[in-house]
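Peer 1: One letter stands for each residue in the lines below.
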Amino acid sequence: MFILSLWQVGFFDAGRLAKIQNIWSFLAEMFPPDSSIIPLALSSIYESVVMAFAGTLMGGGLALALAVFSARLLAPPTVRAFFRAVLALIRAVPAILWALIFVVIAGFGPLAGVLALTFYTAGYLGKLFYEAFDSVSSEVLEAVRGVGASRLQQLRFAILPESANYILSQLLFIFEYNVRASSIVGLVGAGGVGYLILALTQSLRYSGLLTVVLILLAFVLAIDFASSRIRARYFA
Amino acid sequence: MSGILEAREVWFTYDSRNYILRNISLQIEPGRIYMVFGRSGSGKTTLLKILKGILRPTRGAILYKGQPTTSGDLAKRAYSVVGYIPQGFGVVSNLSVLDNVLVGALLRVPLLHSLLGQFPREEVERSEEIIEMMGLSQFKYQKVSQLSGGQRQRVAIARALMQKPQIILADEFVSQLDPLTAIEVLDVFHSLAEERRIATVITSHDVHLASRYADQVLVLRDGEFKLCREGGSISEPELITAMKGG
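In order, the protein sequence lines correspond to chains C and G.
Residue numbers for the first sequence, in our numbering: 2 to 237.
Residue numbers for the second sequence, in our numbering: 13 to 258.
Take the hints with a grain of salt, since some may be wrong.
Which chain C residues face chain G? A few, computed with CB under 7 Å, are given here [what the hints assert, rightly or not]:
id	residue
1	G16
2	G62
3	V141
4	E143
5	A144
6	Q154
7	R157
8	P162
9	A165
Derived SDA-like pairs: lysine to any residue, alpha-carbon spacing no greater than 20 Å straight-line [said to hold, decoys possible]:
id	chain 1	residue 1	chain 2	residue 2
10	G	K155	C	R157
11	G	K155	C	E140
12	G	K155	C	L161
13	G	K61	G	S108
14	G	K88	C	E143
15	G	K155	C	I168
16	G	K61	G	K152
17	G	K176	C	Q154
18	G	K155	C	S170
19	G	K61	G	T25
20	G	K61	G	E41
21	G	K88	C	Q155
22	G	K61	C	S139
23	G	K155	C	S138
24	G	K155	C	Q155
25	G	K176	C	G149
26	G	K152	G	G129
27	G	K61	C	S170
28	G	K176	G	G65
29	G	K88	C	G149
30	G	K88	C	R152
31	G	K152	G	S187
32	G	K155	C	L142
33	G	K61	C	S151
34	G	K176	C	E143
35	G	K61	G	L75
36	G	K152	G	R138
37	G	K88	G	K176
38	G	K176	C	S151
39	G	K61	C	S138
40	G	K61	G	V93
No wet-lab data here; the hints were simulated from the structure.
The beta-carbon is built from N, C-alpha and C at its ideal position, and this holds for glycine as well.
Using the sequences and the hints, build the whole thing.
Peer 2: In structure tokens:
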């Protein structure tokens, strides 16, 4: 089956693999990295990080609202079935497609990217959040219900506090992801460093591309490291 | 003496075949401590959930001050005077001690104010008094997750007291505590019964505590009360025999 799959995708097509030599000329053109592009790369990466931050917060807020209506403990069956379907629909659309949709609606630039990341984040986190809400200890809920708390009060005084660590941990995780995803959505014109990568690739400025990729790699590693330390320290 | 809450000929089943409770009758009077003993699966937790109104009896009735709690208003009133402490205490670990105790006042606070965390001054003062009474003042702003088992239990009692209850139902309350802490906690219930006339129903399988604290001892086996006696009139071997059967 594995061999068949490789054959199906053209892995054994000698003609195609012969082009592998192109990689050497591609790599040769990348060196030495072009330092003149550093200021532009930094501002583009900064824009990507800002997009990721805004998209994470807006998407997280939207996810919380959708999760409330999708949780078994908070919403009646028909309401939660509807909102769970909405979340599934949002999740079914990849981030780059959201970016294309919002480039059409809002035009080229970071706004489209932020909106794309917002929707992608909402779909992904919405599911995780409602699952977290539904796994809150039934004893805690019974005790809070037992004092006569309404559903909103149960949410405020039992479900949200009990899920808070998980919610914050997932927000940090999706922020890491969104920093990387913001480069991808930029490829279709939705702002950030992806837009710069696209421009450099199309104009064959590979030495500049290497500079951008190296700086981006350093940023992503630094954010991953900080995020994993925060999660391990506060949310383990 | 008249009962505040009464279970009258209560039967309960989840599947209409296997009855978890069979013909249970119990009258709860002010200021008395009831200890319900039974092995795991004997129906103790189900009985408390029915008394609290979390579960509805399949047959029979729960009466509040002699009236069946079938009408919405009466059920709600009965609901509000019964404090319930589940087996794992049901405290919210990510909230402070003060916030956990204030949860007990939710029924008296307007919805919007409670959602914004704005509790009336008198409720905050009352919760602080209860926290002090429970010996938790130094932990008032500490998260419950940072407290010991005994301290969490006191938070659960404080929250129940914040409801201004006439009855407290405590499920397997002393099973998870070391003997010394269990005695401290039961002393709290004893003084609540004497000073505030709060009735307490405690389920347990620790028979040692029965003679010292219970005004009434009940043994639940296979969903039925097999024994119902005044606290001081029963020995440990009798109690164990009643729990085991045979």
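Peer 1: Quick one: which hint numbers does this structure break? Sort them smallest to largest.
Peer 2: 1, 2, 13, 16, 27, 31
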